[in-house]
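Residue numbers (my numbering), protein chains in the order written: chain C, 1 to 510; chain Z, 1 to 510.
Some hints could be false.
[To be verified] Restraint-style ranges between C-beta atoms, simulated for each label pair:
(1) Z:A176 to C:H123: 57 to 67 Å
(2) Z:E219 to C:T104: 50 to 60 Å
(3) C:G334 to Z:T464: 45 to 55 Å
(4) Z:L240 to C:A399: 48 to 58 Å
(5) Z:H123 to C:E7: 33 to 43 Å
(6) C:Q210 to Z:E219: 26 to 36 Å
(7) C:T104 to Z:K17: 27 to 37 Å
(8) C:I416 to Z:A8: 42 to 52 Å
(9) Z:G70 to C:E7: 33 to 43 Å
(10) Z:R186 to C:S241: 51 to 61 Å
(11) Z:H123 to C:A119: 40 to 50 Å
(12) C:A119 to Z:E6: 26 to 36 Å
[Unchecked claim] Straight-line C-alpha distance at most 30 Å; calculated DSSO-like pairs for lysine-lysine:
(13) Z:K194 to Z:K501
(14) C:K63 to Z:K17
(15) Z:K63 to C:K12
(16) C:K216 to Z:K216
(17) C:K17 to Z:K478
(18) Z:K352 to Z:K216
(19) Z:K63 to C:K105
(20) C:K63 to Z:K63
(21) Z:K12 to Z:K478
(22) Z:K12 to C:K63
(23) C:K63 to Z:K105
Honestly, the hints are just simulated from the structure, not real lab data. Every residue gets a Cβ at the ideal spot worked out from N, C-alpha and C, and that includes glycine.
Here is how the chains run, residue by residue.
There are 2 protein chains.
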Amino acid sequence: MGQEEEEAVRGKLEQLKQVLAEVEDLEMATAVLYWDQQTQMPRGGAAARADQVTTLRRLAHEKFTSPEVGELLDALADHERALPYDSDDASILRVTRREYSHATKLPRDLVVEMSRAAAEAYHKWVDARQAKDFGIFVSSLERIVTLSREKAQALGYENEPLDALIDLSEPGFGAAELDRLFAELRETLVPLAKAIGERSDRVSDALFRQRFDVEKQLEMGRAAVRAIGFNLDDRGRQALSVHPFSISFTPDDTRITTRVNEQWLGPSLFGLLHEAGHGTYMQGIPVRYRRTPLHNGASSGLHESQSRLWENYVGRSRAFWRFFLPVAKAFFPGQLGRATVDEVYAAANIVKPSLIRVEADEVTYNLHIMIRFELEREVFAGRLAVADLPAAWNAKFQAYLGITPPDDLVGVLQDIHWTQSFGGSFQSYTIGNVASVALCRRALADHLGMEDEWAKGDFSGLLTWMQDNVHAHGAKYKPNELLLKVTGEELTPRPYLEHIKAKYTEIYRL
Amino acid sequence: MGQEEEEAVRGKLEQLKQVLAEVEDLEMATAVLYWDQQTQMPRGGAAARADQVTTLRRLAHEKFTSPEVGELLDALADHERALPYDSDDASILRVTRREYSHATKLPRDLVVEMSRAAAEAYHKWVDARQAKDFGIFVSSLERIVTLSREKAQALGYENEPLDALIDLSEPGFGAAELDRLFAELRETLVPLAKAIGERSDRVSDALFRQRFDVEKQLEMGRAAVRAIGFNLDDRGRQALSVHPFSISFTPDDTRITTRVNEQWLGPSLFGLLHEAGHGTYMQGIPVRYRRTPLHNGASSGLHESQSRLWENYVGRSRAFWRFFLPVAKAFFPGQLGRATVDEVYAAANIVKPSLIRVEADEVTYNLHIMIRFELEREVFAGRLAVADLPAAWNAKFQAYLGITPPDDLVGVLQDIHWTQSFGGSFQSYTIGNVASVALCRRALADHLGMEDEWAKGDFSGLLTWMQDNVHAHGAKYKPNELLLKVTGEELTPRPYLEHIKAKYTEIYRL
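Sequences and hints are given; from them, build the entire structure.
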C-alpha cells in the first residue's frame with residue numbers, strides 16, 4: 001500500500017470510529033435515562049421519558065445504520081483482513097460488521113411493529129397476571145411469536161429460525177447445540193434434584209429466614225460487594241429498584257441495584273453479589289474500548305457467567321463463609337451470633353424444587369430454563385400452539401421438577417421476556433451457569449490455593465484472573481471463541497455437573 | 001387561503017413542531033445527565049459523561065440550527081402574523097424565531113472556542129481560589145471577556161455590547177435600564193443597610209445557629225416544601241448536591257437539591273424553599289407546552305422571582321412562622337421548643353453586611369449584584385482593566401456595604417459565573433428579587449386575607465394565583481410583557497423598596 005492509500009484507510013477508520021463513538025454516546029445517555037427511571041424518576045416523568053428514549057434510540061439507530069457506515073465497512077474490508085484477528089482494529093471492524101448486518105437486515109416497519117406489539121403485550125401480560133389467566137395474553141403472545149419468526153426470517157439462519165434469535169445474544173450458538181447441552185444437564189440434574197428432594201430434611205435455611213433490618217442488610221451487602229472487588233466508590237454506585245439490575249456507562253461508572261426482603265437475607269446479599277458480578281465484568285473492560293462496539297461483554301451468557309461466579313461459586317462456597325460469617329455476625333449478632341460455618345453454608349445452599357425461576361437454587365435453575373427453551377422450540381417448529389403453552393408448561397414442571405403450578409401466575413406467566421421477543425433470551429442464563437464453573441475451575445487450576453485466600457477475604461486472585469482472561473477482551477470474541485481460548489475447550493457442561501454433583505452430594509449426604 | 005394552502009401551512013407547522021420536539025428530547029436527556037452527574041455519578045464517570053453531553057448538545061444544536069428550521073420559519077411568517085399574539089402557535093413561532101436567530105448568529109468557531117476557554121477558565125479559577133490569588137485567573141478571564149465581547153458583536157445590539165448578553169437571559173432588557181434600576185435600589189438600600197448596621201444588636205439569629213440533626217433538617221425542609229405546594233411525590237424529587245439547584249424534564253418530573261449545614265438551619269430550610277419556588281414554576285407550566293420552546297419560564301429573572309417569593313416573601317414572613325414554628329418545634333424541641341414567633345421571625349430576617357453573595361440577606365443581596373453589574377459594565381466600556389477588578393471590587397464593597405474583603409477568595413473570586421461568560425447573568429437575581437414583591441403584592445391585592453391563610457399553613461391561594469398568572473404562560477411573554485400584563489406595570493423597584501423598608505424598619509425598630 002502506498003503512503004497516500006494508507007492515509008486514506010486511516011482516515012476512513014477514524015471516520016467510522018467517530019460515528020461509532022457518537023452512537024455509543026447516545027446509547028450510554030439512554031442507559032443513564034434508564035437508570036434514573038428505575039431508581040429515581042417520579043411516576044409523572046414516564047411520558048416525557050418515553051419521548052426522550054424514543055428520540056435517542058432513533059438517532060442512534062439512524063446513525064448506525066446509515067449508508068455511510070456500510071460504505072466505510074466495505075472500504076475497510078481489505079484493511080481488516082490484513083490485520084491480526086484479535087487486534088483492536090480488526091475486532092472493532094468485525095463486531096461492527098456483525099451488528100451492522102443485524103441492524104440493517106431488520107426492516108424498519110418490523111422494528112416499529114415489534115416495539116408496538118411489545119408495548120401491547122406488556123399490558124396484556126400485566127392484566128393476565130392480575131387475573132391469573134393466560135387466556136388474556138394469548139393473542140398478544142401469538143403476535144409476538146409471529147413477529148419473532150419474521151425477525152428470524154429477516155436475519156437469516158442455517159438450520160432453524162430460533163438460531164437467528166439465539167445468535168443475537170449468543171453469537172455462534174444454535175438451537176440444536178443448546179438442545180444437546182440441555183439433554184446432558186437433564187440427565188444429571190433431574191435425578192439429582194429428585195435425590196435431594198428425598199433428603200430435604202437434611203438442610204434448613206431458617207438461619208436466613210429471620211427478621212433482618214433493611215439498612216443493615218444493605219450495609220452488609222455493600223461490605224460483601226466491596227470485598228469481592230467491585231468498586232462502589234470512585235467507579236460505581238448502588239441503589240434500590242423493584243427489579244435488580246446492573247448497568248454501565250463507562251467501565252469507570254458502573255452501577256448495581258438491589259431489593260431487600262426484611263424477612264429473608266438471601267435476596268439482598270446474593271442479589272448484590274450477582275449484580276456486582278456483572279459489575280466486575282463492566283468495570284474490567286479496558287477503558288480504551290469505550291465508544292467502540294468492544295465496550296461490551298462477549299455475550300449475555302458470558303456476562304451471566306460472571307454474576308453466577310460471584311453469587312454461586314464464590315458466594316455460596318464454604319471458603320467465602322469462613323471469611324464472611326464473622327462479618328455477618330457483626331451486623332446481625334442476634335440472628336447469626338451462634339451460627340457455625342457449616343450451618344450457614346448449608347443454609348446458603350438449600351435446594352428446593354420451586355415454581356419461580358428467579359428464586360431457584362443452583363441445582364434446579366437450569367431445569368427452569370430448559371423448560372422455556374423446549375417450549376420455544378416446539379412453538380417455533382409448529383408442534384405446539386401458543387394457546388396450549390400453559391398445559392405444556394405444567395406438564396414439563398411435573399416431569400422435571402415434580403411439581404405443578406397451581407395457576408398461570410406462578411407458571412407460564414411469570415417472566416416478562418416473552419412480552420418483548422419469543423425465543424433467544426432464556427438460554428443465556430444456562431450458558432452463564434455452565435460457563436461460570438468452567439472459567440472458575442480454570443482459574444483455580446492456574447492459581448493454586450485460591451480458596452484459602454477467599455477464606456481470608458482476599459478475592460483479588462480470582463478477580464484479577466477474570467480481568468486478565470475474560471474482561472480484558474471486551475466483546476472481541478464470540479462466547480465459544482473466548483471459552484476455547486481461556487479454558488481450552490468450547491462450552492461443555494462437564495465441569496459444571498461435576499461441581500454441582502460433588503457439592504450437593506456432600507451437603508445433602510447423598 | 002385556499003384549503004390546499006391551509007393544509008400546506010398545517011403540514012409545515014407540524015414539521016417544525018416535530019423538529020422542536022426532538023430538540024427538546026435531546027435537551028431534556030442532557031438535563032437528566034446533569035442531574036445524575038450532580039447527585040449520583042461517581043468521580044470515574046466524568047470523562048464519559050462529558051462525551052455524552054457533548055454529543056447530545058451538538059445534535060440538538062445541529063438539529064435546531066438546520067436550514068430546514070429557517071425555511072419553515074420563513075414559510076410560516078404570514079401564518080404567524082395572522083394568529084393572535086398570545087395564541088400557542090404564534091408564541092411557539094415567535095420564541096422559536098428569537099432563539100433560532102440567537103443560535104444561528106453565533107459562529108460555530110466562537111461557540112467551540114467559548115466552551116474551550118470556559119473549561120480552561122474554570123480550572124484557573126479553581127487554582128486561583130486555592131491560592132487566594134486573582135492574578136492566576138487574570139489571563140483566562142481576559143480571554144472570556146474578549147470572547148464575550150465577540151459574542152455580543154455577533155448577536156448585535158442597539159446601545160452597548162452588554163445589552164446583547166443581557167437580552168439572552170432577560171429578553172427586552174438593556175444595560176441602561178438596569179443601571180437606572182440599580183440607582184433607585186442603591187438610593188434606599190445603602191442607607192437602610194447602614195441604619196440597620198447601627199442597630200445590629202437588636203436582632204440575633206442564634207436560634208438558627210445550633211446543632212440540628214441532618215436527617216431531621218431534610219425531613220423538616222421537605223415538610224415545608226410540601227406545605228407550599230411543591231409536589232415532591234408523583235411529580236418531583238429531592239436529593240443532595242454540593243451546589244443546590246432545581247431542574248425539570250417535564251412539568252410532571254421536576255427536581256430540587258439541597259445541602260445541609262449541621263450547625264445552621266438556614267441553608268437547608270430556606271434553600272429548599274428557594275429551589276422549590278423554582279420548582280413550582282416548572283411544575284406549573286402547562287403540560288401541553290412540553291416539547292415546544294414555551295416549556296420554560298419567561299426569563300431567568302422571572303424564574304428567580306418565584307424562588308425569592310417562597311424563600312423570602314413567604315418563608316421569612318411572620319405569617320409563615322405562625323404556621324411553621326410548631327412544625328419546626330416538633331422536629332427540634334430541644335433547640336426551638338421555647339422560641340416565640342417574634343424571635344424566630346427576627347432570626348429569619350437578620351441583616352448583616354457580608355462578603356458572600358449566596359449568604360446575603362434580603363436587604364444587602366441586591367448590592368452584591370449591583371457591584372458585579374457595575375464592574376461588568378465598566379470593563380465592557382473599556383474603563384476598567386480585568387487586572388484591576390480586585391481593587392475595584394474591594395472599593396465598591398467598602399462604599400456600598402462598609403466592609404472590605406480580606407482576600408480575593410471571599411472577594412472577586414467567589415462566583416463561578418465569570419468562568420462561563422462575562423456579563424449577562426447576574427442582573428437576573430435582582431430582577432427576580434424586585435419582581436417577586438411586585439407579583440406577590442398584586443396577588444395579595446387580588447386575593448384578600450391571604451396572609452391569614454399562610455398562618456394556617458394554606459398556601460394554595462398564592463400558588464394558584466402564580467400558576468394562573470405566571471406559570472400558565474410558560475415562555476410566551478418577555479419578562480416586562482408578563483409583568484405589565486399581570487401587575488399593570490413593567491418592572492419597577494417601588495413595591496420592593498416599600499416592602500423592604502417597612503419590613504426592616506419594624507424588625508430593627510429604626
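These are the hints, each one checked on the structure:
1. Z:A176 to C:H123: 57 to 67 Å: The hinted range 57 to 67 Å holds for A176 of chain Z and H123 of chain C, with Cβ atoms some 60 Å apart.
2. Z:E219 to C:T104: 50 to 60 Å: Distance hint for E219 of chain Z, T104 of chain C holds at roughly 54 Å.
3. C:G334 to Z:T464: 45 to 55 Å: holds, 53 Å
4. Z:L240 to C:A399: 48 to 58 Å: Holds - the Cβ-Cβ distance for L240 of chain Z and A399 of chain C, about 54 Å, lies within 48 to 58 Å.
5. Z:H123 to C:E7: 33 to 43 Å: For E7 of chain C against H123 of chain Z, whose Cβ atoms are near 35 Å apart, the range 33 to 43 Å holds.
6. C:Q210 to Z:E219: 26 to 36 Å: The hint (26 to 36 Å, Cβ to Cβ) holds, given that Q210 of chain C and E219 of chain Z are roughly 30 Å apart.
7. C:T104 to Z:K17: 27 to 37 Å: holds, 30 Å
8. C:I416 to Z:A8: 42 to 52 Å: At 45 Å between Cβs, range holds.
9. Z:G70 to C:E7: 33 to 43 Å: At roughly 37 Å between Cβ atoms, E7 of chain C and G70 of chain Z fall inside 33 to 43 Å, so the hint holds.
10. Z:R186 to C:S241: 51 to 61 Å: Given about 54 Å between the Cβ atoms, the range holds.
11. Z:H123 to C:A119: 40 to 50 Å: Roughly 47 Å apart at Cβ, these two residues keep to the hinted range, so it holds.
12. C:A119 to Z:E6: 26 to 36 Å: holds, 34 Å
13. Z:K194 to Z:K501: holds, 13 Å
14. C:K63 to Z:K17: Given pair K63 of chain C, K17 of chain Z holds - Cα atoms ~22 Å apart, limit 30 Å.
15. Z:K63 to C:K12: holds, 25 Å
16. C:K216 to Z:K216: Cα-Cα ~20 Å, so holds.
17. C:K17 to Z:K478: It is violated: about 44 Å lies between the C-alpha atoms, which goes past 30 Å.
18. Z:K352 to Z:K216: OK: K352 of chain Z and K216 of chain Z at ~27 Å, within 30 Å.
19. Z:K63 to C:K105: holds, 27 Å
20. C:K63 to Z:K63: holds, 14 Å
21. Z:K12 to Z:K478: Cα-Cα ~26 Å, so holds.
22. Z:K12 to C:K63: At roughly 25 Å apart (the allowed maximum being 30 Å), K63 of chain C and K12 of chain Z satisfy the hint.
23. C:K63 to Z:K105: Holds: K63 of chain C and K105 of chain Z sit about 27 Å apart, inside 30 Å.
This entry does not satisfy hint 17, going by the numbered hints stated previously; all others are met.
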